[in-house]
Amino acid sequence: MKTRVGIIDYGMGNLTSVRNALLSLGVDVEVMENAKALRNVSHVILPGVGAFGDGMANLGKRGWLDSMETDIRQKGKPILGICLGLQLFAKRSFEHGCHEGLGWIAGEVVRFESADGSLRVPHVGWNDVQVVDRSRCYREGIKEDPIVYFVHSFHLVPEDPSIVDGWCEYGKRFVASLASDAVWAVQYHPEKSQKQGLKILANFLTNPFS
Amino acid sequence: MLRHRLIPILLLKNGLLVRSESFEIHQIIGNPLYEVQRFNQWNVDELIYLDITTAGGYDLRRDDHKTKGLTSSLEILDEVSKSCFMPLTWGGRIRSIEQMHTIFSRGADKIAINTLATQSPETILEAARRFGNQAIVVSVDVKTESSGRREVYAGGGKIPTGMEPIQWCQRVEQLGAGEILLQSINRDGCGEGYDLELIQEVSESIRIPVIACSGVGRFEDYAKAIQRGASAAAAANIWHFKELSDRQGKRAMARAGIPVRI
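Residue numbers (the working numbering), protein chains in the order written: chain A, 418 to 627; chain L, 2 to 263.
Calculated from the structure, these hints are not laboratory results. Misleading hints may appear alongside valid ones.
Here are the computed lysine-lysine pairs in the DSS-like style, where the Cα-Cα straight-line distance is at most 27 angstroms [said to hold, decoys possible]: (1) K560(A) / K508(A); (2) K159(L) / K144(L); (3) K478(A) / K494(A); (4) K83(L) / K419(A); (5) K419(A) / K478(A); (6) K419(A) / K589(A); (7) K494(A) / K419(A); (8) K560(A) / K243(L); (9) K494(A) / K508(A); (10) K612(A) / K159(L); (11) K492(A) / K508(A); (12) K144(L) / K612(A).
The task is simple: from the sequences and hints, build the whole structure.
Here it is, written out as structure tokens:
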């Protein structure tokens, strides 16, 4: 299938910037209002900013949950979760209570805390990624420690750290990106990370694990 | 390591870029669409656009600037977001949650509010729930009287609110804002440096990031705001009147020992 990227529209945040970034790479993009559109696309992006509970509720309301399982996960269709999209792959999150996630990645989403309360939250700005696996997001055209744009208050703690392909440091080490087969996820915003970010998106579009 | 951001603020009035002094004098300096391409090429950390158009303020001179057609600031946002692969904050004249939704859907990552927040603070809570804390920047415009008394102003520096800045910033944080854009009406356009006491007092009293603004005249001013506790340094006028303002600004910060993205 020709490369065509579908962005999941579930009413959470700014799809336009992801769409504009992909268009600048010269690929076909479709903002998918419902799961029927999945059959037309080769790659899927789950973007999102906002609260975890609302994100899961909206995926359910708009009928995405079953089709994400059958048409993306089981079929091994490449999917990239961005920011809240990464966190939704987790089993659960403790943002404003406790919420069940998609459960594709064994792990939990927790808030940034520092023992002395000195850490400013949200973590906003440009921070470097310590790349530990160059086979996926960071395969081509990426500097040794790429600097990318983060804006988030929560982060995912995986049960199996071997799926992490990039770490970041804020108060302590946390997951910048991870990948498990065709499921990739980044905590930062590649669509807002200038040239390095666009390279990361381009690497996803040539995902060799699909 | 988290780098401290250096942020250009672009002021829009009746569809044109302007420079500002004391929140009152606004001089036209150019075409917003040309500028965004320039900033993208420079690889800047983030952009903040503030629409400071006042109601009924049609500017006859705009016909000379070949920006006819871009009568609404949303059309400018559409154009800007097409080539803006960096975080984009949009503020000014936002009066409702619905307007925020429109602005996000047209490509902004964060919105900045001031007057709306002072008039109905619970809007901050509602907006943070709906769009996420990180998407809500509250702009706090402070005027300092000769007695040293400080007061928060709304309406583009025209409406005194009776509120004390530190208490207001703490309330804004509790209501769920993600960042504070701290402006000084006295310092606006003066080029004499930031109000460092104000920046320090506000930064120490809250745990969300503070973006310092107003008063930058030299690249060396940026680092001082960071040393007083600001997370990011912002400025408007200097970006238009100095050469290589991003690179030189970053270098000045780096020389002062501030970690920046170069």
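**Asked** Holds or violated: are the alpha carbons of K159(L) and K144(L) at most 27 angstroms from each other?
**Response** The hint holds at about 10 angstroms.
**Prompt:** Holds or violated: are the alpha carbons of K144(L) and K612(A) at most 27 angstroms from each other?
**Reply:** Not OK: K144(L) and K612(A) at ~40 angstroms, beyond 27 angstroms, violated.
**Given hint K419(A) paired with K83(L) - CA-CA distance at most 27 angstroms** = Measuring from Cα to Cα gives roughly 24 angstroms; hence the hint holds.
**Message:** What's the verdict on K478(A) and K494(A), does the C-alpha distance respect the 27 angstroms limit or exceed it?
**Reply:** holds, 22 angstroms
**Asked** Under the criterion that the straight-line Cα-Cα distance not exceed 27 angstroms, is the pair K492(A), K508(A) satisfied?
**Response** Since the Cα atoms of K492(A) and K508(A) sit roughly 20 angstroms apart, the hinted pair holds (cutoff 27 angstroms).
**Item:** Hint consistency between K419(A) and K478(A) [alpha-carbon to alpha-carbon, up to 27 angstroms]
**Value:** violated, 30 angstroms
**Request:** For the pair we were handed, K494(A) and K419(A), check the Cα-Cα distance against 27 angstroms.
**Result:** holds, 13 angstroms
**Message:** Hint check: K560(A) vs K243(L), CA-CA at most 27 angstroms. Holds or violated?
**Reply:** violated, 30 angstroms
**Restraint check for K494(A) with K508(A), where alpha carbons must lie at most 27 angstroms apart** = holds, 20 angstroms
**Message:** Just to be careful, I want the Cα atoms of K560(A) and K508(A) compared with a cutoff of 27 angstroms; is the pair within it?
**Reply:** violated, 32 angstroms
**Prompt:** Going straight from one Cα to the other, do K419(A) and K589(A) come out at no more than 27 angstroms?
**Reply:** violated, 41 angstroms
**Asked** Would the pair K612(A) and K159(L) pass a check requiring their Cα atoms to be no farther apart than 27 angstroms?
**Response** violated, 41 angstroms
In this structure, the hints that do not hold are numbers 1, 5, 6, 8, 10 and 12, in rising order.
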